[in-house]
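Asker: Below are the chains, spelled out letter by letter.
4 protein chains.
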Amino acid sequence: MADSITIRGFVAGDVRPGTTNGGVNTASFRMGSTDRHYDRATQQWVDGETNWFTVQAYRQLAGNIAGSLKKGQRVVVMGRLKLRQWENDGKTYHSAQIEAESIGHDLSWGTANYQRNSSAQA
Amino acid sequence: MADSITIRGFVAGDVRPGTTNGGVNTASFRMGSTDRHYDRATQQWVDGETNWFTVQAYRQLAGNIAGSLKKGQRVVVMGRLKLRQWENDGKTYHSAQIEAESIGHDLSWGTANYQRNSSAQA
Amino acid sequence: MADSITIRGFVAGDVRPGTTNGGVNTASFRMGSTDRHYDRATQQWVDGETNWFTVQAYRQLAGNIAGSLKKGQRVVVMGRLKLRQWENDGKTYHSAQIEAESIGHDLSWGTANYQRNSSAQA
Amino acid sequence: MADSITIRGFVAGDVRPGTTNGGVNTASFRMGSTDRHYDRATQQWVDGETNWFTVQAYRQLAGNIAGSLKKGQRVVVMGRLKLRQWENDGKTYHSAQIEAESIGHDLSWGTANYQRNSSAQA
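Residue numbers (the working numbering), protein chains in the order written: chain A, 66 to 187; chain B, 66 to 187; chain C, 66 to 187; chain D, 66 to 187.
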């Protein structure tokens, strides 16, 4: 299995809906996760560096995040990490993607009103 | 550090709010997480057994889940596992607790309307 | 899928080999994982409480740990958590089991001389 | 805290020892983790794509892996993911690093003879 990971962070851009060639609903968004650690010298919590990911969702999860997530909101994402690298026109491109199994608003930072889908999950 | 774990499952009882002796807000609820695996013989996804946990939250997260989570809802929980065992009156008691860092409604199963707390997080 | 977890800890008993009814090799051992956290008041790292697990292995992993792990050694274990509870003769029994995918000696605490199995892994 | 992750894979290069400016022992190596999934159409397990990481260790763990890990060996690594990106001479560089807390030989693939360090761990 691919490398499982759970991250906490913030939605860094708009959710972009799409469709695969096979007609499956997709949605993706940029997400940042900022390291936070206790500095023993100053005895304070401080922000460290940020990991950036593209979170990718499919099917019912894709449709639900398109209607629920907004830029700036705090989220928790559970999924599989995919680091990819490819060449094009002599340049090297990189992506750090999380193929999401679950996404939720982080209730450490706010409240949420949840509405279950009427149809069963695929 | 304690053993980190992320689980997906359902809220199995009411959220019970409380306060520590020191005046810190708490909230806890029962949660079930059911194994689901692909049966190669029948070529179908089937439900397996269920892990039961008590999820424990503190401070702002405690206040937010008390106002957001309802029995039966699907959630994703990230936190630290605490397995405890103690004796009382000649009987042995067990608990499987998750001290939560993040809790969110699982958007694989529904949509959510999120409202950020006006105050900054502790 | 069942709840994935990775724990660091120590082998707390002998490795017990076995065989399933279907003739598959198994091995299991008791393991403890002790919480360790930084106490800001005393500015020291201190031991907290211990989670106890039964680690269960199958097939080639079972054979390899039977010949490699000894009581007291430090290990890292990746697998799936299974919390079970059952009744017998009016008593309630509990178990916290990890069905292991990978087990390794923790090289934070020692060195290891590794010998790859000559046969391919099942 | 940074994003925790546990990965299984193989040592893809030599372990390179070093020292920080402050005199702390370090060691790093390249590691690959290949996705493996069950193909329902062909009813077989197949290899997918590979995530590549640089695993970074410090202090006693650094010294121990320098003497224990060899290219091609199977390992399990628990640590914190750090994705970084920087510019130099008009080019963009990327790194995917895991700051390791624990590293062990994966006993799914072989046996190991473990020798605890005589000194206590820092």
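Hints may be right or wrong, so weigh each one.
Treat identical chains as interchangeable: a pair holds within one or across any two.
To be verified - Capping the alpha-carbon separation at 25 Å, the derived lysine to any residue pairs in SDA-like fashion look like this:
hint, residue 1, residue 2
1, Lys136, Gln162
2, Lys135, Asp79
3, Lys135, Ala106
4, Lys147, Gln108
5, Lys156, Val89
6, Lys135, Tyr158
7, Lys136, Gly155
8, Lys156, Gln108
9, Lys136, Arg81
10, Lys147, Val111
11, Lys156, Glu166
12, Lys156, Gly87
13, Lys156, Asn182
14, Lys136, Lys156
15, Lys135, Ser184
16, Lys135, Gly87
17, Lys147, Asp104
18, Lys135, Arg81
19, Lys135, Lys156
20, Lys156, Ser183
Hints in this document: simulated from the structure, not taken from any laboratory.
Asker: For every hint, state whether the structure bears it out.
Answerer: Verification of the hints:
1. Lys136 with Gln162: Intra 18 Å, inter 27 Å, cutoff 25 Å: intra-copy only.
2. Lys135 with Asp79: Answer is within; shortest intra-copy Cα gap is 7 Å, inter-copy 29 Å.
3. Lys135 with Ala106: This pair counts as neither: shortest intra-copy Cα distance 37 Å, inter-copy 38 Å.
4. Lys147 with Gln108: between (36 Å within a copy, 24 Å between copies)
5. Lys156 with Val89: For Lys156 and Val89, the Cα distance exceeds 25 Å both inside one copy (31 Å) and across copies (36 Å).
6. Lys135 with Tyr158: Answer is neither; intra-copy 27 Å and inter-copy 30 Å both fail.
7. Lys136 with Gly155: neither (33 Å within a copy, 30 Å between copies)
8. Lys156 with Gln108: Classified as neither; 44 Å inside a copy, 38 Å across copies.
9. Lys136 with Arg81: within (11 Å within a copy, 32 Å between copies)
10. Lys147 with Val111: between (28 Å within a copy, 17 Å between copies)
11. Lys156 with Glu166: neither (32 Å within a copy, 34 Å between copies)
12. Lys156 with Gly87: neither (30 Å within a copy, 37 Å between copies)
13. Lys156 with Asn182: neither (44 Å within a copy, 41 Å between copies)
14. Lys136 with Lys156: Answer is neither: 30 Å inside a copy and 29 Å across each miss the 25 Å cutoff.
15. Lys135 with Ser184: The answer is both: 24 Å in one copy and 19 Å across copies each meet 25 Å.
16. Lys135 with Gly87: Neither. Shortest intra-copy (27 Å) and inter-copy (36 Å) distances fail the 25 Å Cα cut-off.
17. Lys147 with Asp104: For Lys147 and Asp104, the Cα distance is within 25 Å only across copies (19 Å; inside one copy 31 Å).
18. Lys135 with Arg81: within (11 Å within a copy, 30 Å between copies)
19. Lys135 with Lys156: Answer is neither; intra-copy 32 Å and inter-copy 32 Å both fail.
20. Lys156 with Ser183: neither (47 Å within a copy, 42 Å between copies)
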